[in-house]
Amino acid sequence: PTLDTEEGRNKALEWIEKINDPALFSMIVRKYMGTWNESELIFRAARMGSIEVIRLLVDRSTDLLRERNQDGDLPIHVAAGLGHTAVVQWMVGQDEEFLLEVTGGEELMPIHVAALGGHLELIQLMVEQRRDLLYRVDSYGELPIHYASHAGHLEIVQWMVGEESPLIRALDIASRLQIGRASGSERV
Numbered sequence: 001p002t003l004d005t006e007e008g009r010n011k012a013l014e015w016i017e018k019i020n021d022p023a024l025f026s027m028i029v030r031k032y033m034g035t036w037n038e039s040e041l042i043f044r045a046a047r048m049g050s051i052e053v054i055r056l057l058v059d060r061s062t063d064l065l066r067e068r069n070q071d072g073d074l075p076i077h078v079a080a081g082l083g084h085t086a087v088v089q090w091m092v093g094q095d096e097e098f099l100l101e102v103t104g105g106e107e108l109m110p111i112h113v114a115a116l117g118g119h120l121e122l123i124q125l126m127v128e129q130r131r132d133l134l135y136r137v138d139s140y141g142e143l144p145i146h147y148a149s150h151a152g153h154l155e156i157v158q159w160m161v162g163e164e165s166p167l168i169r170a171l172d173i174a175s176r177l178q179i180g181r182a183s184g185s186e187r188v
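Heads up: the sequence shown begins at 1 in my numbering, then just goes up one per residue.
Keep in mind that the hints are not guaranteed to be accurate.
Derived EDC-like pairs: lysine to aspartate or glutamate, alpha-carbon spacing no greater than 16 Å straight-line [as the list claims (entries may be wrong)]:
no.: 1; residue 1: K31; residue 2: D4
no.: 2; residue 1: K11; residue 2: E40
no.: 3; residue 1: K31; residue 2: D63
no.: 4; residue 1: K11; residue 2: D21
no.: 5; residue 1: K31; residue 2: E52
Hints were generated in silico from the structure; no laboratory data involved.
Work out the full structure, taking the sequences as your base and the hints as a guide.
Structure follows, in structure tokens:
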């Protein structure tokens with residue numbers, strides 16, 4: 001496809017995203033900036049972990065960090081779910097309070113999404129900035145440790161248990177049993 005048409009540029013972006021080439025993505029976006037919907041671009045960049053394109057877009061409009069996709073998620077939720085630590089770290093640097101606490105389409109905070117995706121390094125980064133995130137519940141009353149447990153991410157469950165023993169005391173008995181089974185132990 002030719003890059004002279006909107007259809008051609010969109011097909012090129014789909015292909016670039018499929019092969020996950022952030023450098024090529026950045027080059028194409030820079031060359032044709034202003035010809036795409038920037039809301040769509042920031043979500044593509046979040047999926048690819050392209051911090052360069054995200055910075056470029058946010059330099060043009062900081063409102064893009066608060067843009068929601070069709071699922072109700074923000075770019076930070078997409079990046080957190082895919083474990084793009086550098087992208088999340090940069091985004092949080094732009095507006096820590098809002099971006100660490102904002103809920104997405106499923107009413108999940110970025111830490112819940114990272115726990116569900118099994119991204120321990122990202123969770124550690126978020127907790128280092130805001131320890132209280134370990135205790136934040138979603139609209140269903142679930143903590144990040146519940147999401148890690150549901151998804152079978154034992155390493156995250158063990159880290160959270162070791163990091164915050166008061167967290168375990170705060171869990172109800174059913175949650176303790178569920179987490180215990182996920183970690184291979186009935187005692188938690």
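Could you work out which earlier hints the structure fails to respect and list their numbers in ascending sequence? Number 3 - this is the single hint that the structure violates.
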